[in-house]
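Chain A is already provided as a structure; the job is to place chain B on it using the hints.
Which chain is which? The protein sequence lines are A and B, in order.
At position 35 of the first sequence (counting the first as 1) the number is 35 in my numbering, and the numbers step up by one without a gap.
At position 10 of the second sequence (counting the first as 1) the number is 10 in my numbering, and the numbers step up by one without a gap.
Each hint should be verified, as a subset may be incorrect.
[What the hints assert, rightly or not] Listing some non-contacts, in silico: residues in chain A with all C-beta distances to chain B over 12 Å:
(1) 28
(2) 32
(3) 65
(4) 92
(5) 111
(6) 124
(7) 141
(8) 184
(9) 188
(10) 199
[Unchecked claim] Facing chain B, from chain A, some residues (calculated, C-beta under 10 Å):
(11) 61
(12) 89
(13) 113
(14) 123
(15) 126
(16) 132
(17) 146
(18) 147
(19) 150
(20) 154
(21) 157
[To be verified] Computed footprint of chain A on chain B, listed as stretches where at least three residues anywhere in the stretch have a Cβ under 8 Å from a Cβ of chain A:
(22) 123-130
(23) 230-239
Treat the hints as calculated values from the structure; they're not laboratory data.
All of these numbers come straight from a predicted model, not from anything done at the bench.
Just so it is clear, CB atoms sit at the ideal spot from N, CA and C, and this is done for glycine as well.
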Amino acid sequence: MAAPLSDEAPLLVAEGLSRLYGARIGCTDVDLEVYPGEVLAVVGESGSGKSTLLSLLSTELAPTSGRVLYRMDNGLRDLSALSEAERRLLLRTQWGFVRQNAEQGLRMAVSAGGNVGERLMAVGWRNYGDIRAEATSWLDRVEIAADRIDDDPRAFSGGMRQRLQIARNLVTRPRLVFMDEPTGGLDVSVQARLLDLIRSLVSDLGAAVIIVTHDLAVARLLSHRIMVMRHGRVIEAGLTDQVLDDPQEPYTQLLVASVLAA
Amino acid sequence: MTVMPAITYNFAYLDEQTKRMIRRAILKAIAIPGYQVPFASREMPMPYGWGTGGVQVTAAILGADDVLKVIDQGSDDTTNAVAIRGFFKATAGVATTTRTQEATVIQTRHRIPETALTAGQVLVYQVPIPEPLRFLEPRETETRKLHGLADYGLMHVKLYEDISRHGHIATTYAYPVAVAGRYVMDPSPIPKFDNPKMDDCPALQLFGAGREQRIYAIPPHTRVVSLDFEDHPFEVQRFDKPCALCGAQDVYLDEVILDDRGGRMFVCSDTDHCESRRADGHVGPLGAPPPGKGKP
Numbered sequence: 001m002a003a004p005l006s007d008e009a010p011l012l013v014a015e016g017l018s019r020l021y022g023a024r025i026g027c028t029d030v031d032l033e034v035y036p037g038e039v040l041a042v043v044g045e046s047g048s049g050k051s052t053l054l055s056l057l058s059t060e061l062a063p064t065s066g067r068v069l070y071r072m073d074n075g076l077r078d079l080s081a082l083s084e085a086e087r088r089l090l091l092r093t094q095w096g097f098v099r100q101n102a103e104q105g106l107r108m109a110v111s112a113g114g115n116v117g118e119r120l121m122a123v124g125w126r127n128y129g130d131i132r133a134e135a136t137s138w139l140d141r142v143e144i145a146a147d148r149i150d151d152d153p154r155a156f157s158g159g160m161r162q163r164l165q166i167a168r169n170l171v172t173r174p175r176l177v178f179m180d181e182p183t184g185g186l187d188v189s190v191q192a193r194l195l196d197l198i199r200s201l202v203s204d205l206g207a208a209v210i211i212v213t214h215d216l217a218v219a220r221l222l223s224h225r226i227m228v229m230r231h232g233r234v235i236e237a238g239l240t241d242q243v244l245d246d247p248q249e250p251y252t253q254l255l256v257a258s259v260l261a262a
Numbered sequence: 001m002t003v004m005p006a007i008t009y010n011f012a013y014l015d016e017q018t019k020r021m022i023r024r025a026i027l028k029a030i031a032i033p034g035y036q037v038p039f040a041s042r043e044m045p046m047p048y049g050w051g052t053g054g055v056q057v058t059a060a061i062l063g064a065d066d067v068l069k070v071i072d073q074g075s076d077d078t079t080n081a082v083a084i085r086g087f088f089k090a091t092a093g094v095a096t097t098t099r100t101q102e103a104t105v106i107q108t109r110h111r112i113p114e115t116a117l118t119a120g121q122v123l124v125y126q127v128p129i130p131e132p133l134r135f136l137e138p139r140e141t142e143t144r145k146l147h148g149l150a151d152y153g154l155m156h157v158k159l160y161e162d163i164s165r166h167g168h169i170a171t172t173y174a175y176p177v178a179v180a181g182r183y184v185m186d187p188s189p190i191p192k193f194d195n196p197k198m199d200d201c202p203a204l205q206l207f208g209a210g211r212e213q214r215i216y217a218i219p220p221h222t223r224v225v226s227l228d229f230e231d232h233p234f235e236v237q238r239f240d241k242p243c244a245l246c247g248a249q250d251v252y253l254d255e256v257i258l259d260d261r262g263g264r265m266f267v268c269s270d271t272d273h274c275e276s277r278r279a280d281g282h283v284g285p286l287g288a289p290p291p292g293k294g295k296p
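The shape of chain A in the complex, shown without the other chains (with noise of 0.2 Å):
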């Protein structure tokens, strides 16, 4: 039952996916397909419901019902079935995780190089000279100076070291990145930065993007499909223009306008 390998399929599918903490809606009831290459935003505000989704969808967190379909070297596979061992093989080779704060993403005791090799050498890179020209090429790609290849992120400032934890996902070049807010908190300047970087890398590796943000002008720069969720529920999805053009609910009409003009 393998299907062919095509940029039709979608390459991860979330069916009914639902999470309750305790008697409270963490998401309810989410539908979703990201297809090859694809980058869907999920925007909302604080406590609608993206980051559970986002976890869920990663595996972080178990539904407590619905499921999560990915599409691997034989068909589609259910994330729920897969062993431990062949879910962290996903983590760390097929897909990255960037965090809102860089200090969960990365490791703060070991040197930038470090960082980005670790995958590599998750995979089984055993030639020093390999790793260290693979990091130095990723340093160069994200912008950070070959000669700080050395020095820990804790000598980084806050947009470095977002960029260094995208060099670190990024290096094993994974079809499908997770990215939680990963503007949050840098300054304005620093954000456009980011994410003119994140916009040409991710299209240079033809990966796939789940990216959850409140920030609509975030979604706006990178993003082909939005969906706006509220409550634990989406409530409206579509093409990113359509949906922030001509929000047909309420609630999206609201967060629309209360984008201040610059």
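Same frame as chain A, now just chain B:
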């Protein structure tokens, strides 16, 4: 006037049920080379850090006809070695020796004897921290998972950091090894000089960590490989001078300060090896010739 009753210990101090429990852990450890088996470590009449794990393993395997040797940093006559040897002499009444060839059980802290071990001997290591991933990953639940999945990329991150900071792998002791192609193991703080001796060793090697409550093992003739990179292969320390007393080359040397004007000499850390070589007539640059020959 009352007479205090003489204290009588069970053979080798521990009670028989405790020894059975430890033996079960040892058997499991031998069955899964390099795997850390939890065991119910007991309070011993010595502080943690003085070899409580090694002592419990020795107590569990010791028989009445065993000959025990105890070394501390290669030496038979330092406090730790003398105390533990005396402990088993008093509680088990076993014969003790300082000769590596004569011993059937050798308890060691931080060294493997220079004399090659033979089949039938057991080397018992005292281990302070059994988990090789500990300083990279503080969560025990996570390190166990990493061992279970043989997910050892992290170990190479440490070696990578060494090379990037120092230009070479600067870890000189407790150098991580892969045992029988499966588990990565901390060989206890032996110098990496001794790592090659663990590979294909005819003797049984047992590791006891008392405070951390773990026992692990390398069965005889097991493949033990020190981790490295293709372009930065594993290397042992080299000494440019021989032992000052016995002239031995290719042994691990200790530095001994001779005076307060910078005088120093390097001598065998394995005292038994040094003494037997001198008895055989070998003399180093600072060694006195054997009695009866040379100087009056």
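Hints versus structure:
1. 28: Since the minimum Cβ distance to chain B is about 30 Å, residue 28/A lies beyond 12 Å and the statement holds.
2. 32: holds, 30 Å
3. 65: holds, 27 Å
4. 92: Its Cβ does come within 12 Å of chain B, the nearest being 8 Å, so this is violated.
5. 111: Check fails; 6 Å does not lie beyond 12 Å.
6. 124: At roughly 8 Å from the nearest Cβ of chain B, residue 124/A sits no farther out than 12 Å, so the non-interface label is violated.
7. 141: At about 19 Å from chain B, residue 141/A clears the 12 Å cut-off, so the statement holds.
8. 184: Given that every Cβ of chain B is farther than 12 Å from that of residue 184/A, nearest at about 26 Å, it holds.
9. 188: The claim stands: residue 188/A keeps its Cβ more than 12 Å from every Cβ of chain B (closest is about 34 Å).
10. 199: holds, 30 Å
11. 61: Violated, about 17 Å.
12. 89: holds, 9 Å
13. 113: This interface hint holds because 6 Å falls under the 10 Å limit.
14. 123: holds, 7 Å
15. 126: Since chain B brings a Cβ to about 5 Å from residue 126/A, closer than 10 Å, the hint holds.
16. 132: Holds, because the Cβ-Cβ distance from residue 132/A to chain B comes to roughly 8 Å (cut-off 10 Å).
17. 146: violated, 13 Å
18. 147: For residue 147/A, the interface hint is violated, since the closest Cβ of chain B sits about 12 Å away, which is over 10 Å.
19. 150: This hint holds: residue 150/A lies near chain B, its Cβ roughly 5 Å from the closest one there, short of 10 Å.
20. 154: Violated. Min distance 14 Å.
21. 157: It is violated, given that the least Cβ distance between residue 157/A and chain B is near 21 Å, above 10 Å.
22. 123-130: Not satisfied, violated; 0 residues make the cut.
23. 230-239: holds (count 3)
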